[in-house]
Amino acid sequence: MHPVPCRVRSVVRELDDTFTLDLEPPSDGWSFVPGQFTMLYAFGVGEVPISISGDPGDPTRLVQTIRAVGPVSDALTSVAVGDVVGVRGPFGTAWPMELAEGRDLIIMTGGIGLAPLRPAILHTLEHRDRYNNVTLLYGARSPGDLLFAEQLQQWRGRFDLEVLITVDHADRTWRGPVGVVTSLIGRASFDPETAVAMVCGPEIMMRFTIQELERAGMTEDRLFVSMERNMKCGIGLCGHCQLGKFFVCKDGPVLSCAAMTGACWTREV
Amino acid sequence: MSEVFDLLVEHPFFKGMSAEQVRVVADTGTPVSYREGQTIFSEGGHADACWLLLGGDIALELQTPGHGPQVMQTLHAGEILGWAWMFPPYRWHFDAHVHSDTEAIRFDGPRLRDAAEADPVLGFELMKRFTRILVDRMQSIRIQLLDVYSTPR
Ligand SMILES: Cc1cc2nc3c(=O)[nH]c(=O)nc-3n(C[C@H](O)[C@H](O)[C@H](O)COP(=O)(O)OP(=O)(O)OC[C@H]3O[C@@H](n4cnc5c(N)ncnc54)[C@H](O)[C@@H]3O)c2cc1C
Ligand code: FES
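Quick mapping for you: the protein sequence lines, in order, are chains A and D. Numbers 50 to 318, taken from the working numbering, label the letters of the first sequence in order. Numbers 1474 to 1626, taken from the working numbering, label the letters of the second sequence in order.
Bear in mind the hints are in silico, worked out from the structure with no lab data behind them. Quantities reported herein were computed from a predicted structural model and do not represent experimental measurements. Check before you lean on any hint, since a few could be wrong.
[As the list claims (entries may be wrong)] When the alpha-carbon atoms are kept at most 20 Å apart in a straight line, the in silico EDC-like pairs for lysine to aspartate or glutamate are as follows:
no., chain 1, residue 1, chain 2, residue 2
1, D, Lys-1601, A, Glu-261
2, D, Lys-1601, D, Glu-1493
3, D, Lys-1488, D, Asp-1609
4, D, Lys-1488, A, Glu-261
5, D, Lys-1601, D, Asp-1620
6, D, Lys-1488, D, Asp-1592
[Stated by the list, open to error] If you only want the chain D side, here are some residues facing chain A, beta carbon under 8 Å, derived:
no., residue
7, Pro-1538
8, Gly-1541
9, Met-1545
10, Gln-1546
11, Thr-1547
12, His-1549
13, Ser-1613
14, Ile-1616
15, Gln-1617
16, Asp-1620
17, Val-1621
18, Thr-1624
In this text, a Cβ means the ideal position worked out from N, Cα and C, and glycines have one as well.
Make a model of the complete structure from these sequences and hints.
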């Protein structure tokens, strides 16, 4: 499967090291489901998996949010409007939007983990009547590291979405909570017997979060995480992204904790 | 029974304790309120109390040279402030700064310690609850120290 060349329509600098690209899809548009990713190719440098962070209801835009951590992401975050990048995909499994219908939904995320969950949030807001209480619990490093800060502000203004934000460190000018994201669980309104939780962030944060959600009464069949493993082919052929019995590119990235039992937190190879 | 007892007996923190045990704890408690900007205690000061927060927000802070007070954690309604009253040398490890007007029950530390010494069953019930707070805070601080959201380079 070859990369499709896509022109960069806009570049938004979200944080010092994090940028959102809006890519022009091929003429028939991109359809994707929340949770999926693409393999983004910086020509001459390399290819990496990046989650789609845009609106699943709008196939005319392929929106991806990238943090510069190494050679490929550096190249992808240095592109300008009009440049061309290669795209393969979309690949991978979806957040369980249907399972969550008629139930309370907890969306728990930290750092750049908000990007892979933004399509799920946008989908929920677009079909708000299908869900009961919807709560976004978001943890960031500091007040200056809040991703999509403007949009978070808009979401906080809504009556049909509870948004709780905490940061790991702050000075007194920050009026909100300080502490790890799990410290927000007690303030969220959800029925642990039936609610569905979608969790995305650094792996340590996800492990800690799953433990705390289980302590709050949730069971692993209703807990979902988005796993990250280094990838090469993106289509289940090379085995590079193996996590226990799963290939993250094909069986994931979104996996239920029940399915992952045993393989759950296998260390990266 | 007292107003404090009525509050405690319904509170998840005291769930599982007998009415008599809750009454002994309630007898050491007094309703208090603090205004935004007040300091409830300061690092190094004598730890002689703990609080059940009923409303408002408290910031636990550390003074850092050149950077002023840094907030390590905030506590909110329903949470317990203060565990240092339980362990010698009974000194506070942080400053507790009132972020927004706060209502609380203040428990007298020495009286709680005496009650726990006199009745080891009550003492163990309290120890289990305060140890849970300590474990939770230790876990949280570990994660914060790992700085998991920083850029891996
Ligand atoms: C399914 C999936 C979805 C992803 N979605 C996004 C996304 O939406 N936005 C985004 O910015 N990134 C995302 N990533 C992560 C991204 O693919 C990697 O960061 C990629 O390795 C960057 O390549 P690089 O060449 O720039 O850096 P590399 O040379 O691969 O890595 C540079 C440094 O970063 C560390 N590192 C790489 N990836 C991670 C990671 N995931 N967590 C912690 N440390 C890491 C490496 O160990 C190394 O020290 C996703 C990964 C997967 C598997
Ligand atoms: S990346 Fe090749 S099998 Fe998953």
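Checklist entry - Hints broken by the structure, by number, lowest first? => result Numbers 5 and 7 - these are the hints that the structure violates, sorted from lowest upward.
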